Amino acid sequence: DIQMTQFPSSLSASVGDRVTITCRAGQSISSYLNWYQQKPGKAPKLLIYAASSLQSGVPSRFSGSGSGTDFTLTISSLQPEDFATYYCQQSYNTRTFGQGTKVEIK
Amino acid sequence: EVQLVASGGGLVKPGGSLRLSCAASGFTFNSYSMIWARQAPGKGLEWVSSISSTSTYIYYADSMKGRFTISRDNAKNSLYLQMNSLRAEDTAVYYCARTLHSGVYYEDYWGQGTLVTVSS
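Those sequence lines, one after another, are chains A and B.
Take the numbering used here: the last position of the first sequence gets the number 106, and nothing is skipped along the way.
Take the numbering used here: the last position of the second sequence gets the number 120, and nothing is skipped along the way.
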């Protein structure tokens, strides 16, 4: 199994802040890395696939980067609707999710 | 419009069985791989199982092997998860999702989830 370590586990930020979330794979996964957003009581929503490709309909303030073992999700200017939990997911070998990062209002 | 509607959850005693269903619509179901994932109360997401479009390739998370069986009926546009020997730690919301393959694999549409509670 490929382990995915995501950090921080939570963060507090204000509207307009730049936010960065990191995900590290236990082995190289090339660009087989996806990011999801989940709000309470809702299903996950795809934000970024293949490490840096923005899913259709997702605002451009979301961006992803990285390859190999280290990846980041950046929100350039946090909006009220972005307060949620974010998960990375590797799809190089079946699937593994990171532990999640809860983005809270400061 | 792509829709995935999961059903079949409920309260079951430890050691019991349950069969989850996921009804798909709005896309050519037999062209897509599918997955089940779950989320225990207050916890993160956990992949459960994957099945290819023609059921040729099937994979399970280690903790579900031998207890869970994924299947699909392309004629009925439906995905299933048969869960046997259920344990308290299987309590979770179970999600079905569609897999896309565009260089990498990713899940672009998710169902609303169905809650499974394992308790005596």
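Calculated from the structure, these hints are not laboratory results.
Treat each hint with caution, since some may be false.
Each pair of labels, with its calculated beta carbon distance range [unchecked claim]:
no. : chain 1 : residue 1 : chain 2 : residue 2 : range
1   : B       : Pro-41    : A       : Pro-59    : 40 to 48 Å
2   : B       : Gly-10    : A       : Ser-14    : 39 to 47 Å
3   : A       : Ser-76    : B       : Thr-56    : 36 to 44 Å
4   : A       : Ser-76    : B       : Thr-69    : 39 to 47 Å
5   : B       : Ala-23    : A       : Ser-28    : 35 to 43 Å
6   : B       : Ala-23    : A       : Asp-17    : 21 to 29 Å
7   : B       : Pro-41    : A       : Arg-24    : 25 to 33 Å
8   : B       : Gly-16    : A       : Phe-7     : 32 to 40 Å
9   : A       : Phe-83    : B       : Lys-43    : 18 to 26 Å
Listed below are the simulated DSS-like cross-link pairs for lysine-lysine, each with C-alpha atoms no more than 25 Å apart in a straight line [unchecked claim]:
no. : chain 1 : residue 1 : chain 2 : residue 2
10  : B       : Lys-43    : A       : Lys-102
11  : B       : Lys-43    : B       : Lys-13
12  : A       : Lys-102   : B       : Lys-13
13  : A       : Lys-39    : B       : Lys-13
14  : A       : Lys-45    : B       : Lys-13
15  : A       : Lys-106   : A       : Lys-45
16  : A       : Lys-45    : A       : Lys-102
17  : A       : Lys-42    : A       : Lys-106
18  : A       : Lys-106   : B       : Lys-13
19  : A       : Lys-39    : A       : Lys-102
20  : B       : Lys-43    : B       : Lys-65
21  : A       : Lys-102   : A       : Lys-42
22  : B       : Lys-13    : B       : Lys-76
23  : A       : Lys-39    : A       : Lys-106
Quick caveat: nothing in here was measured; it's all calculated off a predicted structure.
Cβ coordinates follow ideal geometry from the N, Cα and C atoms, glycine included.
Against the structure, the hints:
no., hint, result
1, Pro-41(B) / Pro-59(A): 40 to 48 Å, "violated, 30 Å"
2, Gly-10(B) / Ser-14(A): 39 to 47 Å, "holds, 42 Å"
3, Ser-76(A) / Thr-56(B): 36 to 44 Å, "holds, 42 Å"
4, Ser-76(A) / Thr-69(B): 39 to 47 Å, "holds, 44 Å"
5, Ala-23(B) / Ser-28(A): 35 to 43 Å, "holds, 38 Å"
6, Ala-23(B) / Asp-17(A): 21 to 29 Å, "violated, 41 Å"
7, Pro-41(B) / Arg-24(A): 25 to 33 Å, "holds, 27 Å"
8, Gly-16(B) / Phe-7(A): 32 to 40 Å, "holds, 38 Å"
9, Phe-83(A) / Lys-43(B): 18 to 26 Å, "holds, 19 Å"
10, Lys-43(B) / Lys-102(A), "holds, 11 Å"
11, Lys-43(B) / Lys-13(B), "holds, 22 Å"
12, Lys-102(A) / Lys-13(B), "violated, 33 Å"
13, Lys-39(A) / Lys-13(B), "violated, 30 Å"
14, Lys-45(A) / Lys-13(B), "violated, 32 Å"
15, Lys-106(A) / Lys-45(A), "holds, 23 Å"
16, Lys-45(A) / Lys-102(A), "holds, 15 Å"
17, Lys-42(A) / Lys-106(A), "holds, 23 Å"
18, Lys-106(A) / Lys-13(B), "violated, 42 Å"
19, Lys-39(A) / Lys-102(A), "holds, 10 Å"
20, Lys-43(B) / Lys-65(B), "holds, 21 Å"
21, Lys-102(A) / Lys-42(A), "holds, 14 Å"
22, Lys-13(B) / Lys-76(B), "violated, 29 Å"
23, Lys-39(A) / Lys-106(A), "holds, 17 Å"
Hints 1, 6, 12, 13, 14, 18 and 22 from the list above are not met by this structure, while the remaining hints are.
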